[in-house]
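Can you build the whole structure from these sequences, using the hints too?
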Amino acid sequence: AQSVSQHNHHVILSEAASLELGCNYSYGGTVNLFWYVQYPGQHLQLLLKYFSGDPLVKGIKGFEAEFIKSKFSFNLRKPSVQWSDTAEYFCAIDLSTGNQFYFGTGTSLTVIP
Amino acid sequence: KAGVTQTPRYLIKTRGQQVTLSCSPISGHRSVSWYQQTPGQGLQFLFEYFSETQRNKGNFPGRFSGRQFSNSRSEMNVSTLELGDSALYLCASSLALTSRRSPFFGPGTRLTVL
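Top line first, the protein sequences correspond to chains A and B.
First residue of the first sequence? That's 1 in our numbering, and the numbers climb one at a time after it.
First residue of the second sequence? That's 1 in our numbering, and the numbers climb one at a time after it.
These are computed hints drawn from the structure, not numbers from a lab.
Fair warning: this is a prediction, and the values are worked out from it, not measured in the lab.
Any given hint might turn out to be false.
Over the 12 angstroms line for every Cβ pair with chain B, so calculated as not near, a few chain A residues [said to hold, decoys possible]:
id, residue
1, Val11
2, Gly62
3, Glu64
Derived DEER-like restraints, expressed as beta-carbon distance ranges [claimed, not checked]:
id, chain 1, residue 1, chain 2, residue 2, range
4, A, Pro113, B, Gly3, 21 to 31 angstroms
5, A, Pro40, B, Glu52, 27 to 37 angstroms
6, A, Gly28, B, Thr80, 34 to 44 angstroms
7, A, Ile112, B, Arg110, 21 to 31 angstroms
8, B, Thr20, A, Gly53, 35 to 45 angstroms
9, A, Gln45, B, Gln41, 12 to 22 angstroms
10, B, Gln41, A, Val11, 11 to 21 angstroms
Ideal placement from N, C-alpha and C gives every residue a C-beta, glycine not left out.
And the structure:
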């Protein structure tokens, strides 16, 4: 069965530290990849997405992610986090068949000023 | 353009009751999907509707059902509520059932079952 794994459940960083959140998926076919963010008290928002082409994608607020097909990974990165990045981050895949989205369990990021 | 709206935002019910949640997609969006979000479980897919037809269904019991109206608005119903049904229920809309969609999420309905 298809699945998405986010191994970091809770990450705590100081402001200006670099961030990398892991995301791995299990599916042998073509996938579309997403990162969503949920700020405290707000709804899920799309950070970035990958459909095809350059495996390094840039999203909003300085986030980027790299798709490594051989590792079935789509890790999220940000070179310097801010207190306002405190949120829950969800990785998701959408199969090329357009069937349904599969979400990871989320990573809670706390940035300490 | 207005976003996805969900009503009500909060609900408190007791075990055994039933509940109906509503979702209005972004104007022009015809696909609506529902998710259950709980701590530690992330988002779990319930079902997806497109053009008033259920296109996909997740692994939830038959107590969970839904429908979509001709204006693309959707409702989900949970009958015989259990304590474990307490969760944030999210609705997402997208233009169509294409392979390059990016769903937009609503704020959710927080359901508490006592």
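Comparing the hints with the structure gives:
1. Val11: holds (16 angstroms)
2. Gly62: holds (19 angstroms)
3. Glu64: Label holds. Min Cβ-Cβ 17 angstroms, cutoff 12 angstroms.
4. Pro113/A - Gly3/B: 21 to 31 angstroms: holds (30 angstroms)
5. Pro40/A - Glu52/B: 27 to 37 angstroms: Since Pro40/A and Glu52/B have Cβ atoms about 36 angstroms apart, the given range 27 to 37 angstroms holds.
6. Gly28/A - Thr80/B: 34 to 44 angstroms: Between Gly28/A and Thr80/B, where Cβ atoms are some 39 angstroms apart, the hint holds.
7. Ile112/A - Arg110/B: 21 to 31 angstroms: For Arg110/B against Ile112/A, whose Cβ atoms are near 28 angstroms apart, the range 21 to 31 angstroms holds.
8. Thr20/B - Gly53/A: 35 to 45 angstroms: holds (42 angstroms)
9. Gln45/A - Gln41/B: 12 to 22 angstroms: About 20 angstroms separates the Cβ atoms of Gln45/A and Gln41/B, which means 12 to 22 angstroms holds.
10. Gln41/B - Val11/A: 11 to 21 angstroms: holds (19 angstroms)
Every hint, counting from the list given before, is met by this structure.
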